[in-house]
Structure formats: structure tokens, C-alpha cells
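Using the sequences provided together with the hints, build the complete structure.
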Amino acid sequence: MILLAELFISFFLVAFVSFGGASAVIPELFRIAVIEHAWMDARTFTELFAIAQAAPGPNVLIVTLIGQHVDGWQGAFWATLGMCLPMSLLVGLLFKHWDKLQHWRGRAAIQLGVAPMAVGLVLASGTLIARSAEPGVLGLLLLVLTIAVNLKTKLHPLWLILLGGVLGLTGLL
Amino acid sequence: MPAPQILESVTKSTPTPAALFFGFSRVGLSGFGGVLPWARRLLVETEGWLTAEEFNVLLGLCQFLPGPNVVNLAVAVGVRFCGWRGAVAGALGLMLGPFLIALVLGLLYDRYGELPAIQSMLHGITLVGAGLIIATGLRMGLNVKNRWVYWPFAAAAFVGITLLHWPLPAVMLGGAALTIALSWYRLSQEAKA
Chain A
12 MILLAELFIS
22 FFLVAFVSFG
32 GASAVIPELF
42 RIAVIEHAWM
52 DARTFTELFA
62 IAQAAPGPNV
72 LIVTLIGQHV
82 DGWQGAFWAT
92 LGMCLPMSLL
102 VGLLFKHWDK
112 LQHWRGRAAI
122 QLGVAPMAVG
132 LVLASGTLIA
142 RSAEPGVLGL
152 LLLVLTIAVN
162 LKTKLHPLWL
172 ILLGGVLGLT
182 GLL
Chain B
6 MPAPQILESV
16 TKSTPTPAAL
26 FFGFSRVGLS
36 GFGGVLPWAR
46 RLLVETEGWL
56 TAEEFNVLLG
66 LCQFLPGPNV
76 VNLAVAVGVR
86 FCGWRGAVAG
96 ALGLMLGPFL
106 IALVLGLLYD
116 RYGELPAIQS
126 MLHGITLVGA
136 GLIIATGLRM
146 GLNVKNRWVY
156 WPFAAAAFVG
166 ITLLHWPLPA
176 VMLGGAALTI
186 ALSWYRLSQE
196 AKA
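These protein sequence lines map, in sequence, to chains A and B.
Letter by letter, the first sequence follows residues 12 to 184 in my numbering.
Letter by letter, the second sequence follows residues 6 to 198 in my numbering.
Keep in mind that the hints are not guaranteed to be accurate.
What the hints assert, rightly or not - Straight line, CA to CA, 27 Å or less: simulated DSSO-like cross-link-like pairs of lysine-lysine:
hint : chain 1 : residue 1 : chain 2 : residue 2
1    : A       : 111       : B       : 197
2    : A       : 165       : B       : 150
3    : A       : 165       : B       : 197
4    : B       : 150       : A       : 163
5    : B       : 197       : B       : 150
Derived from the structure by calculation, the hints contain no laboratory data.
What follows is the structure in C-alpha cells.
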């Protein structure tokens with residue numbers, strides 16, 4: 012009961028800073044799950060991240076997996092609800108006024124201002140996850156290859172994830 | 006009798022909550038590494054519930070707020086067509102399939118996660134996943150307007166979190182206060198000019 016409440020409240024609060032979606036707040040999710048509550052070790056966190064990437068669906072599934080690991084399906088439910096609820100409610104409330112707000116200077120200012128912060132957060136998330144995986148030289152090459160292929164081609168990311176899994180199995184990364 | 010009001014844009018059909026649920030279910034389950042393009046395909050191209058312009062306006066609302074953007078989008082589209090019942094149907098449709106798959110994967114991981122083969126595989130996927138996120142960040146960075154004004158803030162947030170280990174909420178909120186004030190100031194200057 013207390014555990015479920017902790018899951019719900021922790022991710023409810025994270026939702027308010029997750030400009031750029033769940034991918035932007037991975038360091039904060041790590042802090043909550045590994046450092047603050049000691050729900051899992053760093054390796055488990057990284058592996059749950061990998062599973063979330065390989066599964067279909069929105070990036071917020073990392074939160075679902077953390078909740079599941081902590082307290083089964085109920086943990087998954089409350090963690091996911093916590094992350095999704097606050098902004099869903101705000102969207103519902105703001106929706107009617109959005110037409111008016113569109114021409115408000117504050118709206119443009121917020122959108123312009125938040126974008127670069129989201130960029131910094133998302134890049135930091137990717138970098139910290141890569142660092143926690145402690146890649147060797149070949150692992151770093153795979154990382155760079157993924158970035159280049161994803162930026163320069165239209166190849167479906169699933170092929171890269173498959174490549175990562177197969178190369179991982181060789182144990183060379 | 007007054008002439009019927011001409012709507013700005015006429016869309017093909019108005020979905021019911023059930024249609025929203027099943028539509029967003031397909032979106033949720035087709036999306037690997039990014040669900041938004043699939044949402045656009047459903048809403049604008051396949052079903053024609055929204056015009057491209059309406060989609061962009063709604064997307065603007067969802068990106069204006071923090072949180073999972075696609076969930077926000079499902080809620081916004083649902084509210085637009087069917088009120089709160091539509092919102093619940095859209096969000097539930099989007100999340101239910103992926104949620105159940107994640108539960109099964111989580112259970113499998115709890116049972117078999119210690120196997121060396123699984124760990125090596127996940128190690129490789131972690132690196133690809135990190136690469137995909139970095140690529141997303143770089144793409145978002147290239148889309149930032151007035152980049153020479155705003156990139157330094159992105160860089161500062163990056164360094165603050167990765168090297169200096171500052172707490173992320175403080176970086177986000179503190180940094181956003183600065184960047185929003187700056188863009189407000191710049192917009193006022195533009196309005197005067």
C-alpha cells in the first residue's frame with residue numbers, strides 16, 4: 012500500500028518536469044529508483060531501460076517496467092498512472108482555452124524557452140545511459156553508428172535494436 | 006432560417022469513444038521508438054479525423070506541457086471529439102496494449118534476467134537505445150529556433166546534469182525560468198520593432 016503510494020507520488024511529481032517526455036527525465040527516474048528508494052541496482056535499471064526500448068509503445072513504458080519490478084502489476088499500474096495523470100488532466104482543462112492562448116505572448120515564450128532545456132535533458136539522458144552501460148571500443152562504435160544511421164537514414168529503429176541484441180550476444184561490446 | 010455555419014475545415018468523420026480506443030490501440034502497438042508519426046498517420050491520413058493543420062495545433066498544446074506527449078495527444082483528441090469519455094478511451098487505447106506487453110516482458114525479466122545471454126543481449130540494446138535517444142536530442146536541437154541564442158542553455162543543462170550531477174528538476178525549472186524570460190523579452194522587442 013505504502014509502496015504503491017510512493018510509486019504513484021514519485022512519478023506524479025516527475026511528470027511536472029518531463030518536458031521532452033519520459034526520455035528527458037531518465038536521470039531523475041534513475042535517482043528515484045536506484046538512489047532514493049533503492050528499489051533496484053543500477054544494472055537492473057539499465058536493463059529495464061533496454062526492455063522499454065525494445066517493446067512497442069510510448070517511451071513512458073520505462074516507468075511501467077520500474078513499477079512492475081517493484082510491485083508487480085499494481086506497481087506498474089500506479090507508476091504509469093502517476094506519470095500520465097497530471098498532464099492528461101491539464102490537457103483536458105487547457106483544451107477549451109487553447110485557441111485563445113495560442114495568441115498569448117506567454118505561450119510562445121514558454122514554447123521557445125522550454126525547447127532548448129528539453130534538448131539538454133534528452134541528450135543528458137542518452138549520455139548517462141550510455142555511460143552506465145560501460146561500453147568498450149566496439150560498444151562505443153555501435154553507439155556512434157546508431158546515432159549516425161538514425162539521423163541520416165530512414166531505417167526503422169527496430170533493425171538497430173535487433174542489431175544491438177545480436178551484437179550484444181557476441182559479448183564483444 | 007440562418008445559413009448553416011461554414012466550418013473552417015471539414016473532416017471526414019467524427020469518431021466514437023470505441024473508435025478512439027481501437028484507433029489509438031493500433032498507434033500504441035505500432036510504435037517502436039517514437040509513436041508520434043503513427044498517431045499523425047492515424048488521425049490525419051487513415052481516418053481523417055483531423056486536418057494536418059488541426060493536428061499541428063493539438064500537437065502544439067501537447068508539446069507545450071510536460072509529460073508523455075503521445076498520451077497528452079490521445080487525451081486532447083479524445084476530449085475534442087467525445088469529452089472526458091473520449092479522453093479516457095484514447096489514452097486507455099494507447100496504453101493498454103503496450104502496458105500488457107511491458108508486464109509480460111517485466112515478468113520474463115524477473116525470471117530470466119540473470120541469464121548471461123539475456124544480459125549480454127540487453128547490454129547491446131541499451132547502447133542502441135541510448136544512441137536513439139541521443140539522435141532524438143540532436144534532431145530536437147536542430148529544430149530549435151534562434152539556435153545561437155538558445156543552444157548555450159541546452160549545453161549548460163547537459164553539463165549540469167552529466168558532469169556536475171545537479172538535480173534534474175532544479176536544472177529544468179531554473180533553466181526554463183531563464184529561457185522563458187529571455188524569449189519573452191525577445192518577443193516583446195520584436196513586437197516593438
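Consistency of the hints with the structure:
no.	hint	in the structure
1	A/111 with B/197	22 Å, holds
2	A/165 with B/150	24 Å, holds
3	A/165 with B/197	43 Å, violated
4	B/150 with A/163	21 Å, holds
5	B/197 with B/150	20 Å, holds
Checked against the numbered hints given earlier, this structure breaks only hint 3.
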